[in-house]
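> If you read the sequences in order, they're chains U and F. Note that our numbering has the first sequence beginning at 6, numbered continuously upward. Note that our numbering has the second sequence beginning at 74, numbered continuously upward.
The set of hints was computed from the structure by calculation and includes no laboratory data. Worth double-checking, as some hints may not be accurate.
Per label pair, the in silico range of CB-to-CB distance [to be verified]:
#, chain 1, residue 1, chain 2, residue 2, range
1, U, Phe25, F, Glu88, 19 to 29 Å
2, F, Pro187, U, Asp56, 44 to 54 Å
3, F, Lys146, U, Pro66, 21 to 31 Å
Here a beta-carbon is modelled for each residue, glycine too, at the ideal position from N, C-alpha and C.
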Amino acid sequence: DVKVTQSSRYLVKRTGEKVFLECVQDMDHENMFWYRQDPGLGLRLIYFSYDVKMKEKGDIPEGYSVSREKKERFSLILESASTNQTSMYLCASGLGGGLVKNIQYFGAGTRLSVL
Amino acid sequence: AQKITQTQPGMFVQEKEAVTLDCTYDTSDPSYGLFWYKQPSSGEMIFLIYQGSYDQQNATEGRYSLNFQKARKSANLVISASQLGDSAMYFCAMREGNNNDMRFGAGTRLTVKP
C-alpha cells in the first residue's frame, strides 16, 4: 500500500512564527503536492514538485515556500504564519510521466491553527 | 474559471439505497481524466474511481460507478446499497492532458441515515 505520512495531525502556532509541515512518501513517486482545504472551496494547489529540488507554483503560492531535498520528502514552509493561513493542509504523491490516469495518494492532513 | 463544479453541498440517503453525487467539468482538452475521492472524518483522501475521456465504458469499482456523459461534461458518482460507513465528504477532480496537477471541486457531504 502507498503510504503518505504527514508529520503532524494538529498544529497550533502564533502569528509571525515560521512553520514547517513535513510529508514523506514511501512509493518512490516522482510527483509530490501540497494542497490547502477550506470549507466550500475544495482543495487548492499551493505547490508541487516533479523531481528533487524542482518545484512549481500552484494556484495559491503566496505566503508559502517548499523544499524537496530528497525524493521521498516534501516540506511546506510558512515563512511568517498569518491567521488567514489557518486551514487543513493535505500532502499527496503520484507517479510522474504526465499520464492522465495517474492517481494522487494523500496523507491524513495537518490541521493548522494560527493564533 | 471553475473547472470542476459540485452543486450539492450536502446529500442524505437512507441506508441500503443508491445515491448519485453530481459533478460537471469544463475543459477544451480532448484528453483528460476524472477522479472521485472520499474523505471520511479522519481526514485522509481515499481514491475511489477513475474515468478517462477516451474510455468507452463507464467505470465501476465495487459499489461505485461513474455515470460519464461526455457531451454534457458530467461525471456523476453513483453509490449503490449505501452503508453507514459511506458517510463522508466526496470530491470530484480532473486532470487535463499531460498536466501533473489536478483540479478539485468543492465537495459534497454525504450522510447515510440508518
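> All hints are to be evaluated individually against the structure, with a verdict given for each.
Hint check:
no.	hint	result
1	Phe25/U <-> Glu88/F: 19 to 29 Å	43 Å, violated
2	Pro187/F <-> Asp56/U: 44 to 54 Å	49 Å, holds
3	Lys146/F <-> Pro66/U: 21 to 31 Å	29 Å, holds
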